[in-house]
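Novice: Sequence:
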Amino acid sequence: MSTKTITIIEDGGVYDISNNEEFKDLLEALETKYLENVQNKRRVVGFASLVDGGSYTAAPVAESHVVLSNGIQDGSDSGGSSSSNTNMRRNDKSTPVASILWPSSNSRGSQSNNDANLRSAIMDLDRRLKKKQPDAVNRYINKGNEFVTQSKYDEAMDSYQKALKAKVETSGSQQLTAVIKSNMGLVLKEQGLHGEALQIYEETLAIRREVFGDLHEDVASAYGNIGGVFEALGKLEEAYEMHSNALSIQLKVLGNNHPKVADTVFHMANVLDDQGEYEEAAKVYRKALEIRVDNLGSHHPEVADTYFNLAIAYEKQGRNEEAMRAYRNALSIQVETFGKDHLDVAETYGNMGNCLSDQARFEEAEKMYRKALKIQKGAQHGDRGPAMASLYSKLGTALAKQRKDDEAMNMYQSAHSIQLEAYGMESPDLADTCNGMGTILYHQKKYNEAMEMHQTALTIRLKVYGNMHADIATSLSNMGLVLEGQGEKEKAMKAYEKALSIRLEVLGKLHPKTANLYFNMGLVLDGQGKYEDAIKAYENALQIRLEVLGNRHPEVSTTYSNMAAVLEDLGKFDEAIKLYQDVLSIRLETLGTRHPKIANTFFNLGSVLDRQGKQSEALKVYEEALSIRQEVYGDRHPKVADTLNNMAVANEDLGNYDKSIEMHQTVISIREEAFGKNHPDVAHSYTNVAQVLESQDKLDEAIKMYRKALEIQVVTFGKDHPDVAATSTSIEVLLETQKKTEQAMKQ
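Quick note, the sequence shown lines up with residues 1 to 747 if you use our numbering.
Hints are computed from structural coordinates only; laboratory data are not their basis. Ideal Cβ placement from N, Cα and C applies to all residues, glycine included. Among the hints, erroneous ones may be present.
[Claimed, not checked] In the BS3-like style, the derived pairs of lysine-lysine whose C-alpha atoms are separated by at most 30 Å in a straight line are:
#, residue 1, residue 2
1, K704, K740
2, K491, K536
3, K597, K446
4, K536, K597
5, K708, K698
6, K530, K446
7, K708, K719
8, K719, K739
9, K445, K377
10, K513, K463
11, K708, K597
12, K740, K677
13, K404, K377
14, K401, K494
15, K340, K287
16, K530, K513
17, K698, K677
18, K463, K536
19, K659, K719
20, K614, K659
[Said to hold, decoys possible] Computed spacing ranges between beta-carbons, pair by pair:
#, residue 1, residue 2, range
21, N256, E488, 52 to 60 Å
22, D635, K746, 22 to 30 Å
23, L510, P722, 28 to 36 Å
24, Q444, E623, 43 to 51 Å
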């Protein structure tokens, strides 16, 4: 049996009496009652205080109370930064494993089956303690704890500082100093003042090592708190080292199957996840899960939290079915434990929506987000909370992927409004929303507005995190995408290079986000016609992705796909086809047969076959792409038009002119409906029809089509654009051909 700690809470003060001979007569009775509570898994009510970072929920109590626990554990919730496209993990809010709390008559609720003799003993203990404890310290700690529960962190810090001063004046124990400082560290961390929190936690660690020596669970807890701050700062190696120190102590003091060991293992998995070590993180989460199930049973909230984070680790590996199973396990426990309208249930629905989005199952994702929103609105009696803002943002992304851009932007704007009101211009969440809005605007080719959003996100992140943070690299990377879209390829490359230097420093080379930057640099180099350099950049991305994600991951298939496109541009058609076949194999295995990316691969494969002069084979492959796209998007989607366009060109090459024109006319109809009549893609379709008519020697009709194209191009680009010049030349050539034909006929 592990050693128990007897702690007195008087007006919020905390005092260890485990080794005090004066109170030895109570230990046996308290120990007996403690074991009964553990076995019965009673729910404690009627008291609100933060003790060394632990949290209790109910009304503050004015009188003194006795708490018996397996030590008081700090609230070491190691939390890191987030991005708009990433699920937020659960972090433990550590509380004592079990507590005996006898509420006073003016507190909310009561505990059933009270033992009268034990109550009498406790009251006797209270009377003796009143003569010994510094009341001022107690009052200040209690007040600080109340402020923390209300998220009034400045007021809480003021109270803790007064408690610390009062403690010095009354010559209280060093252990009490550590308690106060640890709570101060928690407040500073919640305020985002990580440097100050780190200093306070290090002071706490020094005190505890002096008081207890190195092998004590409170020393382990202090290491855990420091690890949490390091993770929030993005210093992941230091975070992992601190949690490892905590684990080493806990294994020696508590054994390898203790709940606190599970907590530390859980935090270590969080750090591994942040480092991009997703497979290792999943393995460590499973270890935490095993310990928690063994200690807490299979339907405990902490078991649900572990399933929740395990699901995220699976999701990041592309193991979406396993992720969904883990989410469903978490959801089942949450609904059973808390009810179907609990906020944890809403959060899980939200993450299930993210997982479905990763699989391009956007309609299903939208349903999950709306379920989560409904719960959040009911819980908050309105729609102005930060969690609501997060869901609005995620729903915006799902809607954007369905090309519901107006609805998507409305969701993002709702999120933006809430976050701005709640946090002002210094919120990482607001930066994430600006990032999402910028991405929509980028896809809409509204590059100036997109750049403005990404610059806003960057400004916020620089202020919050400083220069060397992973989210700074994300902003720079997105700005690179916009610059590339604007044709500013050199500036785009500089943005990517800055982002790469940050990611190499913060995340290391073998990280998926580092691979993403090499990938984006490959895109720019490809666009510049620097094909050999592009291949090298893609190979760097591929090497990382193969090592980190494995050879069957969707991002590996995407890298193969882009390499194949470059090889196609280099005229290396056989190599390109081989890579596209590899892409198809991975995607069929990971995404199923009817996924949009399967259609993209068929489309690209058809393009290479077409360029090889294998039009009949190309048409068969294009038909596969068309079937999937019509099923996924409907008959009137731009991607359907793109497929029909290529099929029309292949039919033209085969001499099937009437069929080709019919397809081109369908393409024009879809593109006008999707983009409006004055769009470059519509002009391009008219040009394609003109070329088919030209092949049929229908020159009058061909000239009419060219003139329609020219009219759009002048409106869209202006008179000096190369496309205008090319179309004008085609018209002039046909007019000259007509003239010569007429002259020849007269002769």
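Novice: With reference to the structure, classify each hint as holding or not holding.
Specialist: Right, here's what the structure says about each hint:
Of the supplied pair hints, the one linking K704 and K740 holds, its CA atoms being roughly 19 Å apart against a limit of 30 Å. Restraint check for K491 and K536: the C-alpha separation of about 20 Å stays at or below 30 Å, so the hint holds. Simply put, K597 and K446 have alpha-carbon atoms about 25 Å apart, close enough for the 30 Å limit, and the pair holds. Between K536 and K597, the direct Cα distance comes to roughly 24 Å. Compliance with the 30 Å bound is thereby established for this hinted pair.
With a C-alpha separation of about 16 Å, the suggested pairing of K708 with K698 holds against the 30 Å cut-off. For the hint linking K530 to K446, the alpha-carbon distance of about 27 Å falls within 30 Å, and the restraint holds. Restraint check: the Cα-Cα separation between K708 and K719 comes to about 14 Å, which is no more than 30 Å; the hinted pair holds. Between K719 and K739 the alpha-carbon distance is near 26 Å, which keeps this suggested pair within the 30 Å criterion.
Under the criterion of a C-alpha separation no larger than 30 Å, the hint pairing K445 with K377 is inconsistent with the structure, at around 34 Å. A threshold of 30 Å between alpha carbons decides the hint, and for K513 with K463 the separation of about 22 Å falls inside it, so the pair holds. Distance check on the hinted pair: K708 and K597 sit about 34 Å apart at the alpha-carbon level, beyond 30 Å; violated. Under the criterion of a C-alpha separation no larger than 30 Å, the hint pairing K740 with K677 is inconsistent with the structure, at around 34 Å.
This hinted pair checks out: K404 and K377 have alpha carbons roughly 23 Å apart, not beyond 30 Å. Of the supplied pair hints, the one linking K401 and K494 holds, its CA atoms being roughly 29 Å apart against a limit of 30 Å. Between the alpha carbons of K340 and K287 the distance comes to roughly 28 Å, so the proposed pair stays at or under 30 Å and holds. With a CA separation close to 23 Å, the supplied pair K530 and K513 stays within the 30 Å bound.
Between K698 and K677, the direct Cα distance comes to roughly 24 Å. Compliance with the 30 Å bound is thereby established for this hinted pair. Restraint check: the Cα-Cα separation between K463 and K536 comes to about 35 Å, which exceeds 30 Å; the hinted pair is violated. At most 30 Å may separate the alpha-carbon atoms for a hinted pair to count; K659 and K719 exceed this at roughly 33 Å. The straight-line distance between the Cα atoms of K614 and K659 is roughly 18 Å, inside the 30 Å bound, and the hint therefore holds.
Between N256 and E488 the beta carbons are some 56 Å apart, a value that agrees with the proposed interval 52 to 60 Å. Evaluation of the 22 to 30 Å hint for D635 and K746 yields a failure: the beta carbon distance comes to about 49 Å. About 43 Å separates the C-beta atoms of L510 and P722, a value inconsistent with the hinted range of 28 to 36 Å. Between Q444 and E623, the C-beta spacing of about 30 Å breaks the proposed range 43 to 51 Å.
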